[in-house]
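First to last, the sequence lines map onto chains E and F.
UniProt numbering numbers the first residue of the first sequence as 1 and each following residue consecutively.
UniProt numbering numbers the first residue of the second sequence as 1 and each following residue consecutively.
Be careful, since some hints might not be right.
Claimed, not checked - Just the calculated beta-carbon pair ranges, DEER-fashion:
1) Arg52(F) with Glu332(E): 33 to 39 Å
2) Pro68(E) with Pro378(F): 36 to 42 Å
3) Gln74(E) with Phe355(F): 44 to 50 Å
4) Tyr428(E) with Asp289(F): 50 to 56 Å
Hints in this document: simulated from the structure, not taken from any laboratory.
Ideal placement from N, C-alpha and C gives every residue a C-beta, glycine not left out.
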Amino acid sequence: MSSDQDHLKETDTEERFEFKKEQRAAVKSDKGLTEEVVRLISEDKDEPEWMLQRRLRALEHYQNMPMPTDWPGQPDLSGLDVEEIVPYIRPDVDKRGGADDWDDLPDDIKDTFDKLGIPEAERNALSGVGAQYESEVVYQNMQEQWEEKGVIFCNMDEAVQEHEDLVREYFMTKCVPPSDNKFAALHGAVWSGGSFVYVPEGVTVQMPVQAYFRMNSEGMGQFEHTLIIAEEGSEVHYIEGCSAPKYSAFNLHSGGVEVFVGEDAHVQYSTVQNWSKNTYNLNTKRAIVEAGGRMEWVSGSMGSKSTMLYPCSILKGRGASANQISIAFAGEGQDIDTGAKVYHNAPNTNSTIESKSISKDGGRTNYRGLVHISEGAVDSSTSVECDALMFDNESTSDTMPYMEINENRVNVAHEATVGKIGDEDVFYLQSRGLDDDDAKQMIVSGFIEPITEELPIEYAVELNRLIELEMEGSLG
Amino acid sequence: MSTQVHSTLSEETVREISGDLDEPDWLLETRLEALDALSELDMPDVIRTPGRDWTNLDALDYESFVDPLSAAEEKERVEPEGVSVLSLSDALDEHEEIVEEYFGSVIDPQENYLTALSAALFTSGTLVYVPEGVDAEDVTIRTTMQSQSLFNYTLVVTEKSSSVTILERQESEELDGERYYSGLVEIAAGENSHVQYGSLQDVDEETYTYTLKRGTAADHATVNWVEGNIGSRLTKSSVETMLDGEGSETKTVGAFFGHDDQHFDVAARVWHKNEHTTADLVTRGVLDDEARSVYEGVQDVGKEAWDTSSYQRENTLMLSDRSEADASPKLIINNHDTEASHSATVGQVDEEDLFYMTSRGVPDELAKNMLVEGFFVPVLDEVEVEELREDLDAKIVERLDY
Numbered sequence: 001m002s003s004d005q006d007h008l009k010e011t012d013t014e015e016r017f018e019f020k021k022e023q024r025a026a027v028k029s030d031k032g033l034t035e036e037v038v039r040l041i042s043e044d045k046d047e048p049e050w051m052l053q054r055r056l057r058a059l060e061h062y063q064n065m066p067m068p069t070d071w072p073g074q075p076d077l078s079g080l081d082v083e084e085i086v087p088y089i090r091p092d093v094d095k096r097g098g099a100d101d102w103d104d105l106p107d108d109i110k111d112t113f114d115k116l117g118i119p120e121a122e123r124n125a126l127s128g129v130g131a132q133y134e135s136e137v138v139y140q141n142m143q144e145q146w147e148e149k150g151v152i153f154c155n156m157d158e159a160v161q162e163h164e165d166l167v168r169e170y171f172m173t174k175c176v177p178p179s180d181n182k183f184a185a186l187h188g189a190v191w192s193g194g195s196f197v198y199v200p201e202g203v204t205v206q207m208p209v210q211a212y213f214r215m216n217s218e219g220m221g222q223f224e225h226t227l228i229i230a231e232e233g234s235e236v237h238y239i240e241g242c243s244a245p246k247y248s249a250f251n252l253h254s255g256g257v258e259v260f261v262g263e264d265a266h267v268q269y270s271t272v273q274n275w276s277k278n279t280y281n282l283n284t285k286r287a288i289v290e291a292g293g294r295m296e297w298v299s300g301s302m303g304s305k306s307t308m309l310y311p312c313s314i315l316k317g318r319g320a321s322a323n324q325i326s327i328a329f330a331g332e333g334q335d336i337d338t339g340a341k342v343y344h345n346a347p348n349t350n351s352t353i354e355s356k357s358i359s360k361d362g363g364r365t366n367y368r369g370l371v372h373i374s375e376g377a378v379d380s381s382t383s384v385e386c387d388a389l390m391f392d393n394e395s396t397s398d399t400m401p402y403m404e405i406n407e408n409r410v411n412v413a414h415e416a417t418v419g420k421i422g423d424e425d426v427f428y429l430q431s432r433g434l435d436d437d438d439a440k441q442m443i444v445s446g447f448i449e450p451i452t453e454e455l456p457i458e459y460a461v462e463l464n465r466l467i468e469l470e471m472e473g474s475l476g
Numbered sequence: 001m002s003t004q005v006h007s008t009l010s011e012e013t014v015r016e017i018s019g020d021l022d023e024p025d026w027l028l029e030t031r032l033e034a035l036d037a038l039s040e041l042d043m044p045d046v047i048r049t050p051g052r053d054w055t056n057l058d059a060l061d062y063e064s065f066v067d068p069l070s071a072a073e074e075k076e077r078v079e080p081e082g083v084s085v086l087s088l089s090d091a092l093d094e095h096e097e098i099v100e101e102y103f104g105s106v107i108d109p110q111e112n113y114l115t116a117l118s119a120a121l122f123t124s125g126t127l128v129y130v131p132e133g134v135d136a137e138d139v140t141i142r143t144t145m146q147s148q149s150l151f152n153y154t155l156v157v158t159e160k161s162s163s164v165t166i167l168e169r170q171e172s173e174e175l176d177g178e179r180y181y182s183g184l185v186e187i188a189a190g191e192n193s194h195v196q197y198g199s200l201q202d203v204d205e206e207t208y209t210y211t212l213k214r215g216t217a218a219d220h221a222t223v224n225w226v227e228g229n230i231g232s233r234l235t236k237s238s239v240e241t242m243l244d245g246e247g248s249e250t251k252t253v254g255a256f257f258g259h260d261d262q263h264f265d266v267a268a269r270v271w272h273k274n275e276h277t278t279a280d281l282v283t284r285g286v287l288d289d290e291a292r293s294v295y296e297g298v299q300d301v302g303k304e305a306w307d308t309s310s311y312q313r314e315n316t317l318m319l320s321d322r323s324e325a326d327a328s329p330k331l332i333i334n335n336h337d338t339e340a341s342h343s344a345t346v347g348q349v350d351e352e353d354l355f356y357m358t359s360r361g362v363p364d365e366l367a368k369n370m371l372v373e374g375f376f377v378p379v380l381d382e383v384e385v386e387e388l389r390e391d392l393d394a395k396i397v398e399r400l401d402y
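The shape of chain F in the complex, shown without the other chains (with noise of 0.2 Å):
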């Protein structure tokens, strides 16, 4: 099934766009294909149990969210010395033959309804370009959406042997009425290259959004990330690594905290295709007033993934009876020599806790937050730049309304 295009989403509004940018050929003619494509392209695959999807794409009114002409944000870039950290149409000026390469290699822009939508109307796009030994300190990017919808792109290439940390948050500037944000990542690490890509999406809460993230690992590469979701009325967010080359290795960090009628639909993925290959995926979230979250985890062991290790570990906190927790980590092994595993697990806070802490003199309501804020803590001692995990924190101390 797939969903009426607004009549604005012509075109003309496509040659537009990537006039302003001033974009080559080539670039147009992806936007102008995807577009082509959005009458025939499903919305992304959501989990279904017998009479039931988990999550409603089909829902959302595409045609009162997406305005590209009027796109308005406020991007901030830091640039660590070494590293190319460049709008899209610099990048384009710059490093034309990289961003031709790479665009679109990863997540094909026809993969699904939104992946074109995205593809078609973006008008903000980062490429971080990392050469080859060049081991970067952080680069940040940070936008703020000022507009009733936003398409933003990020290409992140690092090159043989070469390091860097990347830190995008997505924030939203107040507005009336609801509002659309996609955003599409792409990172292909090269060779023995190291990265480590975190994510902290505090959209308002009439922001509907999608992400998709996706990473390739060359030989011994290695691609981390953390993904935390705090804001958004609905969220959909996959965070995904491709395990090409030999040895290479991720770890996903997810960490989600809902409250009011919070929808998130968070998945992350992981595809085992070379031999001695590893993931870590680990997810924590909580839940409180009547928040729902939905959780697919996918450990992929392709045929010739000799000698593979893959972890998976899944924990929810639900703080109301009004909330809803569902969870899909799912194994699909088909090579035998892999040691594979994963748990998933829902509760509420430990009353065996609470009492300690409450017979100790310390108020309920704090002795509840401070066991919320300890039960990601696990989490948060997984990511590796302090600055994340600062505001990954903050965020979560904010929630709680000390």
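Bound conformation, chain E alone (with noise of 0.2 Å):
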């Protein structure tokens, strides 16, 4: 613990995410959604016609779709007007697709990346990471084993043009369709950059594959689709990270995720996002697990003032499994409100949801979550634990599941506690010499560890790191 601390004081992670950089945009769209923009951004891709006429039908799905208002208790979007939002940004990288060398990328978003730490930890833990700067993937790059078996990482708008025949089947057509709500279909629309993953029949990729998306403009949204094909026998981890910093105006993080888990295949992704406070992160993720495949979703959410995610697996195959872990941090002004969709499909199917909370300074975190049993699932079983922590009286915790049971041969459990951090354990820590902040900070750390402990160091040390800038408060 102590080797760790002394690690954690050395870095200064306010420096790390909230620097600022000039804008840097080749071309940039007007602010808000209409079919022009739409239109340029698919020109300015150089897109086939079919993606968009994608885009067209997704844009006409958003403007008939209400805003969601009407959930019990969910986060305030009254501020959010996507009319302001600048939708696309294209960097000026000289390199369509991004660069496969750091080097070639401009000093400043260079820069930004180095800060970040992401070339570093491509050296020493990953297998390929890509890296996105507004609305475009700056920096692409896959180790060469993987390639030679076959594995492809690269990002969206060059598997449009490269792997063609795969995203037109796959693409927002059986995971995540355009008219699943309101913010899918104008991810649909306005889509840019992201991360497309293929893993070839029985090959493991066994480093980590990484995305780590950046958003560096005041006003603007980012709306990265990721999409990853696990094959039949396949195994492999993806992980993003993401950041902005803080500017007066709001912005606008509506991604959208869809992982096809083949038969027997086992894929782990894992989000350690901390968009800046003052960016509403409305996001879709979800899988399809095929028999025998293995799904799990492990997520940090710190940042952004509104978050609605709650990334769904469906279980569609015998024996199919989803497990997920989460943990969500609300300060001052935030209110996060994330969980988990799971839907048994088929028989001997399982799932597992561990969903720990912290919540400071009048900060508000939510469990919703829904796990529904189709008739026909039989022996399948789930079980749900939600864990919240609260600090304060003016912060808030609420645990709001939502359970479908249509077949009795089942076993389906739930349990939600809350608790105030224990005053016996703080004293406890106080009386071992340890300041009350230390004593808070250490609390805290046991009580996520079965989450960081899922995670790579690198991101579980960042992890630990923003959950104590939160502590101290010196962050937003």
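Could you use the hints to bring the two separately framed chains together as a complex?
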């Protein structure tokens, strides 16, 4: 513990995430969401006609769908005006589709990712890295050993050009159709950047692949799309990180993630999201899991003003399983509404959901979850565990689970607890010489340990560091 | 969205009901205002998840149910010493000031379409009034519905340091066609008083029921509920406590047993509004055939509710793969000095238990019935009134069809 503590003190995380850069835009769309903007994006990307048509259909869905306003206790979205958002900014990077050498990037962008520690992580621990700046991926690289085995890791725009058949079949057709919700429709209309991962049958990618998303411009929206296809018996771990400096105007992040887990395949999707505290984070993430496949969602939700995000797993084949571990931290002015959705649509399917939340200084966390067990999903089991820790009386922590059980040969359990930070624990630690803040920090670290131990060490350290900063109240 | 009001639901009808009961003007006014509001009120909230309302109340055809002028019932009231248990018209003669003070004070008559319909049209009512310091024995109210529709109203007022247990049963006599029963229960529990209110709903399965029971507890008062639901085709029932007073407490014990195509939408809700308040919500249900249950539990801890303890457990046992059990146990926590937890489980009769019993020579069907009966034991154990416990147990056994 002490060496971790020392390490944390040495790194100035505030400087790491909060720095701003001058905007560099080669192409910047108008504000708002119009057919012209959608056509501009598609044209600038030189997309095939079918993709433009899909975007336009999504735009139509977006225009016809109401804003979600009547969910019990949902975050306030009244400050979000999509007409004031700039949906597309292409930075002026020479090489389309991203450089494959950090040195080829303009100095200020390279500097951004250096400060975030991405190139260093790539050298040390990762199979490949994609880095997105504003709307476009500016760096993309995959280690050769994986390329030789047929693994594809590229940015989504490149995938549309180079792997058109796969993208055409899987992109927002089976997993997240634009009709799913208002923000999935928005995403379908103006999506840009993101990652495409394809792992052929039987291939195991031992080291994680990573994508990092950075929003730098005021009042922009980022709409990256991630499509992961893991063929039968394959295995891959994908990590995304995200950050943005804080501006006075709000930002919108509305990403889309689609994961196809083939028979007996195993996909882990890990996120540490630290959007600035004026960002609306309204994402749609979903996986379809075939027989014997396993999907794992690991997430830490730290930043953003309002988050509405409920990663979903559809257990389609016999014996499919999904595990989800998440932690949410809400400080002053934050409303983190997050949870999990699982559909058990086949026999012998299994899911576990472990959700932890911490609220402090008037922040609100909410676990909102849906477990659906379809008729015929015999011998399925699910367990949901939610724990909430609250620091003060200004904060709020809610739990709103929904369970729809249509089959009797199942095992369903839900548990939730809420408690304040234990006075006795704090007293014990203080009596051992720790000051109040350190004692609380230590209790929180222990509370979130089930999450951090699922993450690669760099991410676990980052998550701890972010939480420590939140605890000191020095961010935001 | 609101429902078209039947043409016979007119001001004349309301005036006639009120006149028959010889009501004072203020009550007639309350009825007429509720009638007026109908066109603008929504149905009670039901749980919604994407693409789905968990209970569809709009599908009910109120026009074919509501016929207040033909309301008929058999009422039995047992009044132990020291307590007033009065029909509402007698209560208006003897304790008008109490009725006027508390009627509609706990449940706003215009809270939703169905409460307003009830307030405008109720023909049957009971006041239970317990004066200061009186420890009353069991109050019994038995309502047997003999008509197409019946609107029933119960008001319980307990003064300082009193106590009472109340057992209310709803039954129905055979009648052709679909029917509607509506019951509102308001309890105002005074300082340091103790109320246990038990309800056993066993109307026939052609009857749709809507009941809303809500209590407020003053300082150090206790409002305990037992809610047994056996009958009815569609039940929409909510049992709620406002813990307004410091150190107030509530315990809700719920049990339901559905078969055929019965639908139970049951809710247990508690609002912790003051310091040192305690709540315990326990519900167990069994579903057979194509029955469906919808459970919502809410524990709402307000900002000023320091040192709160709040617990909720819900367990459903499914005997058939055609049944459906939906649950949403919610925690809303605004004060960090809280110890709160909830849990919910759904499962079937334990195979190992069944195997154990059948291997000891108990026939399969009997073993299963014994396990179902055993499933309710933890809930029945919480019921303080012996008569209610025995009644509930008898209903469960009857349903198991030994």
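Index of numbered hints that the structure contradicts, given in increasing order: none
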